[in-house]
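Let the sequences and hints guide you as you build the complete structure.
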Amino acid sequence: MAVQIPAAFVVNMLAGVERQGVDPVALLVRAGLGHPPRDLSVPEFVKLVRTVTLTLDDELAGLHHRPQRVGWTAIMGAYVSQAATLGEAYERAVHFMDLGDNSFRYCLRQSGNNMLFDMTRIPGRVVLNEVAIEMILMLVNRMMAWLAGNLGTINRAWFDYSAPSYACKYRGMFLRAPLQFDQSSSGLALPVSLMKLPLIRTEEQAIAYARRTPLDALLPMDGATGLSLEVSVIVDSTLSSEGRLADMDEVGHTLAMPSHTLRRRLKKEGVDYSDIRKQVRRDMAVRLLATTELSVEEIANQTGFSEASAFIRAFRSWTGMTPRAYRTSGDYR
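Residue numbers (the working numbering): 102 to 434.
I should point out that these hints are in silico values taken from the structure, not numbers from a laboratory. None of these values were measured; they are calculated from a predicted model. Just so it is clear, CB atoms sit at the ideal spot from N, CA and C, and this is done for glycine as well. Heads up, a few of these hints could be off.
As the list claims (entries may be wrong) - 30 Å max Cα-Cα, derived DSS-like pairs, lysine-lysine:
(1) K368 - K379
(2) K368 - K270
(3) K379 - K369
(4) K379 - K297
(5) K270 - K369
Said to hold, decoys possible - So the derived label-pair ranges between C-beta atoms look like this:
(6) S375 - S285: 21 to 29 Å
(7) I176 - R206: 39 to 47 Å
(8) N214 - S342: 30 to 38 Å
(9) S285 - A357: 42 to 50 Å
Structural data, given as structure tokens:
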């Protein structure tokens, strides 16, 4: 099922537009989305974000105390890409974001087996609504995960506001992590074990990723842990080396368990094997489109499709756009 961005989320974003004296109805029309605000597909929401960003010259959509001018996220991407490990990348992100001295103070600290990425409101500064916080937490986590080539696992997420009307969507936004509301700050608890992962993206790739924001961050991610993560790794390895999707019997053999046991244990984690295969296939397609010059036909072959047309149809169902449109989507600035 295609991802839908709830209308309440859209309304919250448009509040920043109105705060800056821009007519939100006119902006929606300019973005080709009509009025009143409604649930949007990912490509529609990306179009809205880009229209807001370019109209206001503010990558924070008027939701924070001061604007964050166009290009800030790309500069941050270039800066954090120079880190050697994921932990160092988070440290650089915190340092860079604090330089903005905008609506939040950021910090990174270890607590047991978790690394805590925390953001606390600066007294007297504008934080217009929940989207001002949701977007930062989600975008930072997704960018850092992408830099290290992992799934961005989150052990816990907390927020300094009450649960919004669309809190049910947080399951996808924050990768099935346990949620806490009405806290003194907002943030994410990340596995310390991931902090030693090396970064695998170049500075050029990081800048291109930032320029596609928020497209990549809004693509569905599984946040797989435990057995589902082990299965994902096996499926990814087979697809990478052989250009085909492993069936459950193969994966069960690798894990030394019967396929019926594997199916039962995955179900206990709330995961279906077919969804894991789809996730791995989609992630590989996105990765190859974003980081290589391979043709659409070559990527279709590498991701196990018998023909390019089938790959294009599948990719459109995942993202709402064609592979070629996705590949050029970072060129809007």
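Exercise. Could you check the hint for me, namely that S375 and S285 are 21 to 29 Å apart, CB to CB?
Key: Cβ of S375 to Cβ of S285: about 41 Å, so the range 21 to 29 Å is violated.
Quiz item: Keeping to a limit of 30 Å between CA atoms, is the pair of K368 and K379 held or broken?
Solution: Between K368 and K379 the Cα gap is close to 16 Å, so the pair holds against 30 Å.
Practice problem: Kindly confirm whether 30 to 38 Å is satisfied by the beta carbon distance between N214 and S342. | Solution: For N214 and S342 the Cβ distance comes to about 32 Å; the hint holds.
Exercise. Compare the distance between the alpha carbons of K379 and K369 with 30 Å, and conclude whether the hinted pair is satisfied.
Key: Holds, at roughly 19 Å.
Quiz item: Are K379 and K297 close enough, with their CA atoms no more than 30 Å apart?
Solution: holds, 28 Å
Quiz item: Is the distance from the Cβ of I176 to the Cβ of R206 consistent with 39 to 47 Å?
Solution: Hint violated: Cβ distance 20 Å, outside 39 to 47 Å.
Practice problem: Decide if the proposed pair is consistent with the structure: K368 and K270, CA atoms, cutoff 30 Å inclusive. | Solution: Satisfied, since the Cα-Cα distance of roughly 21 Å is no more than 30 Å.
Practice problem: Confirm or reject the claim that S285 and A357 have a C-beta distance inside 42 to 50 Å. | Solution: Given a distance of about 46 Å, which is inside 42 to 50 Å, the answer is holds.
Exercise. Quickly compare the C-alpha distance for K270 and K369 to 30 Å and report which way the hint goes.
Key: Between K270 and K369 the Cα gap is close to 21 Å, so the pair holds against 30 Å.
Of the numbered hints given earlier, the model fails hints 6, 7; all others are met.
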